[in-house]
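Required output: the full structure, derived from the provided sequences and hints.
Protein chains in written order, with the UniProt record's numbering: chain S, 1 to 286; chain B, 1 to 245.
Please keep in mind that the hints were generated in silico from the structure rather than gathered at the bench. Even for Gly, the Cβ is constructed at its ideal location relative to N, Cα and C. Do not rely on the hints blindly, as some may be mistaken.
To be verified - Capping the alpha-carbon separation at 25 Å, the derived lysine to any residue pairs in SDA-like fashion look like this:
no.: 1; chain 1: B; residue 1: Lys-17; chain 2: S; residue 2: Lys-222
no.: 2; chain 1: S; residue 1: Lys-222; chain 2: S; residue 2: Gln-14
no.: 3; chain 1: S; residue 1: Lys-57; chain 2: S; residue 2: Leu-82
no.: 4; chain 1: B; residue 1: Lys-17; chain 2: S; residue 2: Trp-8
no.: 5; chain 1: B; residue 1: Lys-17; chain 2: S; residue 2: Arg-280
no.: 6; chain 1: B; residue 1: Lys-17; chain 2: S; residue 2: Gln-14
no.: 7; chain 1: B; residue 1: Lys-107; chain 2: B; residue 2: Val-78
Said to hold, decoys possible - Here are some of the chain S residues that sit facing chain B, going by a computed Cβ distance under 10 Å:
no.: 8; residue: Gln-14
no.: 9; residue: Arg-17
no.: 10; residue: Leu-20
no.: 11; residue: Leu-24
no.: 12; residue: Ser-49
no.: 13; residue: Ala-196
no.: 14; residue: Arg-198
no.: 15; residue: Phe-217
no.: 16; residue: Lys-222
For reference, the chains in residue letters:
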Amino acid sequence: MPPTEADWTPSARQVERDALRRRLRLRSGTIATVATVVVIGLLVLGVTSSPGWPRVKEFFFSWEDAKAAFPDVLKGFGKNVLLFLIAEPLILLLGAAVAVVRSTTSAAMFPVRLLAVFYTDLFRGVPTILVVVLAGFGIPALQLQGVTTDTFWLGCGALVLSYGAYVAEVFRSGIDSIHPSQVASADALGLSHGQAMRYVVLPQATRRVVPPLLNDFVSLQKDTALLSSIFVFDALFTAQDYASYNFNYTPIVVVAALFVALTIPLARFTDWLGRRMMRRERAGAR
Amino acid sequence: MTEVLRTENVRKAYGDKVVLRDIDLVVEPHDVVCLIGSSGSGKSTLLRCLDLLEDIDDGAIFFEGQEISDPRVDARAVRRRMGIVFQAYNLFPHLTVLDNLTLAPRKAHGVDRATAEAKSMELLTAFGLADKAREHPDRLSGGQQQRVAMARAMATDPALLLLDEITAALDPELTGEVLEIIRRLAGEGTTMVLATHEMTFARDVATTVCFLHDGAILEQGPPAQIFGDPREERTRQFLRRVLQP
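The following block contains the structure:
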């Protein structure tokens, strides 16, 4: 008969130990709280007691200007979010495709492999803002038939190309991290190289690279603001617009707050996902 | 108190599942205590509790006269006096064999490099691994890796050595060379608690054999009694199963 909890009551020693553990937990909680309050208090004090603080407060933290600019900034921010939502799946597809192409082995695929290597090298090397500017101003200047001149879409394409290169490398590192014995097992079962990749390697690799991928996406959310440099009326451009008319930079702080509000949940989600995966991988190897 | 280790009514549960119940165990200096029992009987969990890798849920563990199950005890200080070897070797793959051995003496015990290396080389020589000192662990066979892991655990002169089914992943030939090392350490008077499936070996080297069943020590005594004339029917059943040729 398997033993159950019912026939057991903690001994006096255990009751005392549990109380002690609670006290120790409480003590470390108190230390953490006090330390946090002291550190944050000192930081706030340091900033607000600086000689230029009253002017900084007026130009960067004006409640009236924040309120006045907020509706337009929020509308612009909608564009940032939309950009992110469109670009993200495209980046995933592009990145995965490039990574898979780079890990092919057949001779016929050589030119495609070469192209993939060239693409990742080029777009990881060029600063994202240059890609955005070149796409936004350069492509319309070519006066091509049937190619959009809308800087929103051109900028979106630039972000996809730039981030696709990074994500491809993340995927490739994931593919490389799968132990060769997995491919050997798939080969031994008679799967083709492509099937082994599709059914054995990629599913494991994807799971492994989720945390770095999400990290790239947090970064992408912020980089949607780069499109303000090609006059897309996003949150930052709207805020800069307001700043040059009213000589007050508060809307830029508002934009920063909006970006933080968007990225923090994703960052916490990344942490949580990473911890959960670690627990799962280690469950067997205690 | 002269005993190295003593446990009183140790209990461990994961949620509703009780994995250790009323464990009373005394380990005297130079004892070799063998824990036997089927998989899932709690052998590994007991070893992990002794090394403070798991918090116990009731009872107490005393090590060298001090209650180490007290939450205020510095687990690192305790572990500096205990060695543990796992089934999966757990050698550090980025370090050479010698560096695997000298890491803890140098970093956790503050021994200088020359002294640590001299002592480690001595151990490696005794374990027949002197020529592997500069190799990385992945160049070694499983048996050699496990012997390195044993040497690593011994490099800090532990008062108690815990061995968790360290031959379970090895084939019979390699098992022999690892058991030979344990036999040698036992002969030198090393105090050990080991979980093992090697019954013949347990009969040979153990001073005490504990049969665990369902998280409890059902029966313990000298090997001659446990293997020759077990009191409990469950012990008899278990031994019949594992000793069948």
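Evaluation of the provided hints:
{"no.": "1", "hint": "B:Lys-17 / S:Lys-222", "in the structure": "violated, 48 Å"}
{"no.": "2", "hint": "S:Lys-222 / S:Gln-14", "in the structure": "violated, 52 Å"}
{"no.": "3", "hint": "S:Lys-57 / S:Leu-82", "in the structure": "violated, 32 Å"}
{"no.": "4", "hint": "B:Lys-17 / S:Trp-8", "in the structure": "holds, 12 Å"}
{"no.": "5", "hint": "B:Lys-17 / S:Arg-280", "in the structure": "holds, 20 Å"}
{"no.": "6", "hint": "B:Lys-17 / S:Gln-14", "in the structure": "holds, 18 Å"}
{"no.": "7", "hint": "B:Lys-107 / B:Val-78", "in the structure": "holds, 16 Å"}
{"no.": "8", "hint": "Gln-14", "in the structure": "holds, 4 Å"}
{"no.": "9", "hint": "Arg-17", "in the structure": "holds, 6 Å"}
{"no.": "10", "hint": "Leu-20", "in the structure": "holds, 5 Å"}
{"no.": "11", "hint": "Leu-24", "in the structure": "holds, 6 Å"}
{"no.": "12", "hint": "Ser-49", "in the structure": "violated, 42 Å"}
{"no.": "13", "hint": "Ala-196", "in the structure": "violated, 25 Å"}
{"no.": "14", "hint": "Arg-198", "in the structure": "violated, 30 Å"}
{"no.": "15", "hint": "Phe-217", "in the structure": "violated, 31 Å"}
{"no.": "16", "hint": "Lys-222", "in the structure": "violated, 35 Å"}
Checked against the numbered hints given earlier, this structure breaks hints 1, 2, 3, 12, 13, 14, 15 and 16; the rest are met.
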